[in-house]
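Quick mapping for you: the protein sequence lines, in order, are chains A and B. Counting from 1, one number per residue, gives the positions in the first sequence under the working numbering. Counting from 1, one number per residue, gives the positions in the second sequence under the working numbering.
Quick caveat, the hints were computed from the structure, so don't treat them as lab data. Hints may contain errors.
Since the list gives no way to pick out one identical chain from another, each pair is judged satisfied if it fits inside one copy or across any two copies.
[What the hints assert, rightly or not] Dumping the calculated DSBU-like pairs for lysine-lysine here, alpha-carbon to alpha-carbon at most 30 Å:
id: 1; residue 1: 191; residue 2: 325
id: 2; residue 1: 191; residue 2: 19
id: 3; residue 1: 325; residue 2: 144
id: 4; residue 1: 97; residue 2: 325
id: 5; residue 1: 97; residue 2: 19
id: 6; residue 1: 144; residue 2: 97
id: 7; residue 1: 191; residue 2: 144
2 protein chains.
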Amino acid sequence: MADPQNPSAEDSLIARYFKPLATDPGAFGLVDDAAVLSSSGDDIVVTTDAVVEGVHYLATDPPDTIARKALRVNLSDLAAKGAAPAGFVLTLALRGKEDSWLRPFADALGEDSRNFACPLLGGDTVSTPGPQMISITAFGRVPKGRMVGRTGARPGDRILVTGTIGDAALGLDVLTGGAAAGALASESQAKEMLVSRYRVPLPRNVLAQAVRDHATAALDVSDGLAGDLTKLCAASGVSARVDVANLPLSAAASGLVAGNVVCVETLLAGGDDYEVLCTVPPAQSDALIAAGQAAGVAVTAIGTIVAGRERPRFLDGQGHELTLKRLSYSHF
Amino acid sequence: MADPQNPSAEDSLIARYFKPLATDPGAFGLVDDAAVLSSSGDDIVVTTDAVVEGVHYLATDPPDTIARKALRVNLSDLAAKGAAPAGFVLTLALRGKEDSWLRPFADALGEDSRNFACPLLGGDTVSTPGPQMISITAFGRVPKGRMVGRTGARPGDRILVTGTIGDAALGLDVLTGGAAAGALASESQAKEMLVSRYRVPLPRNVLAQAVRDHATAALDVSDGLAGDLTKLCAASGVSARVDVANLPLSAAASGLVAGNVVCVETLLAGGDDYEVLCTVPPAQSDALIAAGQAAGVAVTAIGTIVAGRERPRFLDGQGHELTLKRLSYSHF
């Protein structure tokens, strides 16, 4: 029930925590029901991703990391599509409205919003008796017709991936007391790095233009490299050969694989990487790798697109094919 | 866990139920992470509204009505902003994935999507152990700079509202066994009409262009006419005088007020109307009313914008001011 002398609780919650994030003129300071995205003939790229407490993040994760993850999983999609961030809308399903949770959540969201030039355009807050959920729809801009899709991969294209693979899955393993937690019991720095990769993705928006300039197809690795590459190949009507020895692994992940704590198949199927996976004509792969170097982001060639419709093959250093029990993480 | 021989469960759920709704070329048949909204210099109007089981709809509501409500509360925002629907993205937080729920949900969503020319552009399905939630972000188009805001109301403007007010709140009362349920025990047609207004809003998109042509400010009445008018006045820096005798009530609502089953204050503060409330210069109010007549939608003048900053006054037939204990329904 609203107090007739005061704006409704939802309005004051929005004004208090989220209005400072609504810096774009099209957000109208969040006083309207709707926002305006202006366009001068650009295409607007739209992506939507939700994170649910207990499913995509842990109830014990700090609120600032939850905010960053909720926004960054969407920024990562924009990066893979070659789009420059233009803004986002937020739906927040909350059990309560404690300042101790909302304040660090909103502050971190605001900081990321500024750093990635992606202002808040509007939103909706609803109450829920169940787990909290943050649903974000993010917008980007590309020149007309230039969004990088999934269907353009061609035989001969090199397969490139940014950053490292598998760290986030290992971070979740550390947080939930899995095998990695035991093996790294005395290595707090490695554990912190892995947990950080799980909680706070590093979307590669700095490479969006290079991806747009060079990639024939791209997506962000969110459900596991093996599964996401399989989807890209299916959409393009091609197959792939991945040299597993070339997979970019962090020192911590390499150590755990070398010590037989985890197998590389687990890293290939682990979720939450939020790296860009793309296919690039051979003549242009050096240019994308160089763009990565200039931006301080590793870009690694891990294989080649080949003709055919069979599922991608993952080959070890001896040319033997790995058997993947699963390709990706699914929440169903 | 996904079956490596098959697409992930989420992918097959999307393909089975929602791909048929993704008729816009910018949706890429839902095979991509992102969609494209093309624009030829139009402004893109963005609005987002979520509905939560047990909060915005009842767990016992039929899935087809839940789908329609989730989309229509957003279509209603577009109508009030003077925008033509361009598409929407959907986040569906589900506890399960029973065909008996998803099939009628998707079919009704598809039907509304076609009827309102608002295609599905993309989405995300997530699992939740808690109440189900449907979050929709909808897009509309207006000529550059022509979105109807909340800040343009000027003293002397007439206040117009579409349809009838209070029926949805009475429908909820019927469903939850309130006073209206008792009073209408033997009037099944009236009960059905009220319940239908609660479950399935009637967004006034047919009047969007007339609103854009004539209104100085507008919003859709979602949280109660009294509270929403108060917000519009605050945003415009004006006050208002509403003649309560002119409020458009259905026969069922009028009867309940006349019988002292409910008071008009309850209808003024009831939620879920999803009618357009707008302010129009006096010389143009007849044109908007005529546009409503042509479209088969009642448009009623209920009062006048006046100078000042005090809260809007609601006057009965004798010129006495009503005392509103609350202005609107708040979920917090």
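Quick rundown of the hints versus the structure:
1. 191 x 325: within (26 Å within a copy, 55 Å between copies)
2. 191 x 19: neither (36 Å within a copy, 41 Å between copies)
3. 325 x 144: Answer is neither: 41 Å inside a copy and 53 Å across each miss the 30 Å cutoff.
4. 97 x 325: Between copies only: 24 Å across chains, 42 Å inside a chain, cut-off 30 Å.
5. 97 x 19: Within one copy only: 16 Å inside, 37 Å across.
6. 144 x 97: neither (42 Å within a copy, 37 Å between copies)
7. 191 x 144: This pair counts as neither: shortest intra-copy Cα distance 44 Å, inter-copy 51 Å.
The structure fails to meet hints 2, 3, 6, 7 from the earlier list, while all remaining hints are met.
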